[in-house]
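> Reading the sequence shown from the start, the letters are residues -28 to -1, 1 to 151 in mature numbering (1 follows the signal peptide of the UniProt record, and there is no 0).
These aren't lab readings, by the way, just hints derived from the structure by calculation. The structure displayed is predicted, hence computed values, not measured ones. Glycine included, every Cβ here is placed at the ideal spot set by N, Cα and C. You may find that some hints are simply not true.
27 angstroms max Cα-Cα, derived DSS-like pairs, lysine-lysine [what the hints assert, rightly or not]: (1) K58 with K31; (2) K116 with K58; (3) K116 with K40; (4) K(-21) with K40; (5) K116 with K31; (6) K58 with K125.
Ranges between beta-carbon positions, derived for each pair [unchecked claim]: (7) Q38 with A(-11): 57 to 63 angstroms; (8) L(-13) with G39: 38 to 44 angstroms; (9) L130 with V29: 29 to 35 angstroms.
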Amino acid sequence: MEQTKASKPQRRRIVLAAGACAVGGATAFLSQQHSATKSWPHGSPLSVDIGSTALPVGKLKTVEWQGKPVWILHRSPEALAALAGKEDQLADSASTESLQPPGCRNRHRSLRPELFVAIGLCTHQGCAPALNGDHFLCPCHTSKYDLAGRVFKVGPALANLVIPSYRFEGERLVLGEDA
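Using the sequences provided together with the hints, build the complete structure.
Here you go:
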């Protein structure tokens, strides 16, 4: 088939337009991915009763927020003491690579030491770990987290559990709002 002078510029325009769309789409995708890794879950506030009768010591309460399970664990003094001395067994013991509000960047990874709040999904493939004595254990690939959501080096997960933004309002915990 013989090409005319008019078809070459039209083809060039189509190729340039497709290239511009690809670059624009890739830029938007990478920008969204970058912002998602540098922030923690916000929005759609949810108020949860955490009074002593609603959440006694040692009890794990699970609520749904933004379509995900959120754990609220009332840790005992013994559970808090057990968080110390495991740093060499943890992948990110100082939580420098983890997603959590600034006020939760501490050994207990919470605003109040006795109350642990986390998205209850394994950071490996999103399975739901279960409370197993003094740790959380993922049933899919055996990733193990301590009661501060810090991941042990023994499993495939490399990141600590995600801590959502939250604040306290008396005997209530408000998910999705900064402290």
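> With reference to the structure, classify each hint as holding or not holding.
Hint-by-hint comparison with the structure:
no.: 1; hint: K58 with K31; verdict: holds, 23 angstroms
no.: 2; hint: K116 with K58; verdict: holds, 13 angstroms
no.: 3; hint: K116 with K40; verdict: holds, 19 angstroms
no.: 4; hint: K(-21) with K40; verdict: violated, 53 angstroms
no.: 5; hint: K116 with K31; verdict: holds, 19 angstroms
no.: 6; hint: K58 with K125; verdict: holds, 11 angstroms
no.: 7; hint: Q38 with A(-11): 57 to 63 angstroms; verdict: violated, 36 angstroms
no.: 8; hint: L(-13) with G39: 38 to 44 angstroms; verdict: holds, 40 angstroms
no.: 9; hint: L130 with V29: 29 to 35 angstroms; verdict: holds, 31 angstroms
Checked against the numbered hints above, the structure violates hints 4 and 7; every other hint is satisfied.
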